[in-house]
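Participant: Could you put the whole structure together from the sequences, leaning on the hints where they help?
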Amino acid sequence: MNHPPGSSPASRRTGRLLAAGALVHGLLLACVAVTLVPFFWLVTSALKNKTDFFASVFLPRGPGLFGVAWDRLTLENFHRLFAELPMLRAIINSFFLSASLSLVATLFCAMGGYALAKYPFRGRRTLTACVLAAAIIPPSLLLAPGFELIWHLGLLDTYAGFLLPGLAPAFGVFLFRQAMLNSVPAELIESARLDGCGEVRIFFELVLPLVRPMVGAFIILSFLGTWNNFIGPQLILQSVDHHPLAVAINNLRGVYGTDYGLVLSGTLVSIAPIMALFLLLQREFITGLTAGAVKA
Amino acid sequence: MKTPSSAPAVRSAPPFPRWAPWLFAAPWLLVFGTFVAWPLVRSLMLSFMQTFGPGTTTYVGWDNFRYLFHDPLFYRALWNTFLFTLGSVFIQLPIALALALLLNRPTLRGRSVYRLLFFLPSLVGLVFAGVLVAIMFEKRTGLVDAGLHAVFTRWDPDFPWLEQYVMPSLIIAGVWLYAGFNMVYFLAALQHVSSELLDAAAIDGAGPWQRFWHVTLPEIRPVAGLVVLLSVAGSFQLFELPYIMFNTTGNPAGPDNSALTVVMYLYQMGFMSGDLGYASAIGWVLAVLLMGLAALQRWLARREEY
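Line by line, the protein sequences give chains A and B.
Take the first sequence: its position 287, counted from the start at 1, is 287 in the numbering used here, and no numbers get skipped.
Take the second sequence: its position 245, counted from the start at 1, is 245 in the numbering used here, and no numbers get skipped.
Hints were generated in silico from the structure; no laboratory data involved.
Predicted model, so just to flag it, every value in this text is computed and none were measured.
Any given hint might turn out to be false.
To be verified - Sample of chain A residues facing chain B (criterion: CB under 7 Å; computed from the structure):
#1 L42
#2 V57
#3 L59
#4 F108
#5 P138
#6 A144
#7 G146
#8 L149
#9 D157
#10 Y159
#11 L163
#12 S270
#13 A272
Stated by the list, open to error - Here are a few chain A residues that sit away from chain B, every Cβ distance over 12 Å (derived from the structure):
#14 V68
#15 T74
#16 F78
#17 I92
#18 D241
In this text, a Cβ means the ideal position worked out from N, Cα and C, and glycines have one as well.
Facilitator: Set out below in structure tokens:
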């Protein structure tokens, strides 16, 4: 069905090439359609009332433009979402948790990675081994003891209880270590020291700007990870006022189970900010996510 | 690193203060010690205990593991997790590779747009995806049955995905979510396959399939090995997707426990039944399984080098 890359030596007839090109685009467009249809369905479902949800797959049929009853589309689901439910609070919580965690985690990981990459000190090998070991621990192994610890510390149902354990993920330290090994020359740091520049200033003014792509990618990676995290806030943040969207959506579905329009509009509201960020910062997203997955 | 031994440096750089690396490593060390190293030790201790919520623990020796190895629900969870992993490796990854092959043509217009669109679903968090997918797979009203019925009129609009075809629906959801994500890796690897090698094979009369099997695939094997490993590790941690999908039915493990995964069982044992000890034992079995798989992958990769 598909052709291996670079399969056409220069001598092939152009007619065949054009046909192959059309076939490739046709296949790709079909795949794009399958990829995007759920999003389109999500948007249209959120805009329909209950009757129309069951009566039509996408847009309700009617006498309007393209045979669609545009006037039957409604924002009522969104209205109810914000009027009847603590949705706004959940959005604010999600933004607050994701933003604070991603900024602090990026700073701490960059600092840790810098120590491991650029300082020859006793214990460096041991610490690097710890980073690598910590990065491959399955997170679910730490759920039970982590929950117990947060309970003992009296941090259950506090933002701190959720944020503190995530402030310096090992794979972040590892990613920054690699980035600094690759793109921060030792000579530069040494000459800055010669010029009497302090260690902290070297880090902030010389080293961080050199690994800027990784800084951007890692902020996004941890923002996305926190935004989409369910199990952490579900266990730690128990009162409704503290719930981020991931937990709020699960509860919304539990209470309004078959009110599909309402549940789907909540889902749309939850993923729309991430999609918007993605369209703004595509390159950082793709670097960050693919780098993030290489952690193991 | 340059260490000139013969020619003495004109000006030797001042050494760094001894506290400097420790200052930079301190935040990570604190978090690591408190929230990783200690919980790791503690989870080993817990796996030999029974708890009734945090705070009340009794030492039970090997009982947790003894019980675990005779626990039909655990085996059920392991089997389901294994099936999903098979689906990821043998259905999702080939689709990802096929997409990458389609995209990997220098003359293709709009390649970055395609890549962007295929990547989109992987940004949707598993909770949100779980809600969306659950409603999509509803009988008759859901997009899947309605859409299939619209395209193939003979498709039964009451096809019971969530009632009887739980694993296929989970695997299909997995394909939608992550095929585009894995495609990015394959595409990056394909771009490093030497075109001279492919041209040479073509001149020698190798057809498209032969070139794929004998040139392209061996060239991308290291990346493919990594993608398989990451996919397996990720699939073994499957939790939110099935949990959210079946949460409203009263049993998040799905009909007849067909959506129960290892991590879901861990979650239910630890936080629904309140036995953090048994949950820790499940966690350790999972960790050992994953380490075994990683070791196997490394061994296979190394054996291939010779």
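Participant: Now, for every hint given, state plainly whether the structure supports it.
Facilitator: Hints and how they fare:
Of the supplied interface hints, the one on A/L42 holds, with its beta-carbon coming within about 6 Å of a beta-carbon of chain B, less than 7 Å. Because the beta carbon of A/V57 sits about 5 Å from the nearest beta carbon in chain B, less than 7 Å, this interface hint is met. Violation of the interface hint for A/L59 is found here, the shortest Cβ-Cβ separation to chain B being roughly 13 Å, above the 7 Å cut-off. The restraint placing A/F108 at the interface with chain B holds, with a minimum CB-CB distance near 4 Å, inside the 7 Å limit.
Annotation: A/P138 was flagged as interfacial toward chain B, and the flag holds, the nearest CB pair being 5 Å apart, inside 7 Å. The restraint placing A/A144 at the interface with chain B holds, with a minimum CB-CB distance near 4 Å, inside the 7 Å limit. About 5 Å separates the beta-carbon of A/G146 from the nearest beta-carbon of chain B, less than 7 Å, and the hint is met. With 7 Å as the threshold, the beta carbon of A/L149 comes within range of chain B, its nearest partner Cβ sitting at about 6 Å, so the hint holds.
For A/D157, the suggested interface contact is broken, since its CB lies about 14 Å from the closest CB of chain B, more than 7 Å. A hinted interface residue such as A/Y159 counts as satisfied when its beta carbon comes closer than 7 Å to some beta carbon of chain B; here the least separation is about 15 Å, so the hint is violated. Hint status for A/L163: violated, given a least beta-carbon distance of 11 Å to chain B, over 7 Å. The closest approach between the C-beta of A/S270 and any C-beta of chain B is roughly 5 Å, which is under the 7 Å cut-off, so the hint is satisfied.
Checking A/A272 against chain B by beta carbon gives a least distance of about 10 Å; that is not within 7 Å, so the hint is violated. Every CB of chain B lies more than 12 Å from the CB of A/V68, the least distance being 16 Å, so the non-interface label holds. No Cβ of chain B approaches the Cβ of A/T74 within 12 Å, the least distance being about 18 Å, so the stated non-interface status holds. At roughly 16 Å, the least C-beta separation between A/F78 and chain B is larger than 12 Å, which holds for a residue marked as non-interface.
Residue-level check passed: A/I92 sits 17 Å from the nearest beta carbon of chain B, beyond 12 Å. With a cut of 12 Å on Cβ distances, A/D241 stays outside the contact zone with chain B, its closest approach being about 19 Å.
In the structure shown, a violation is registered for the earlier hints numbered 3, 9, 10, 11, 13, in ascending order.
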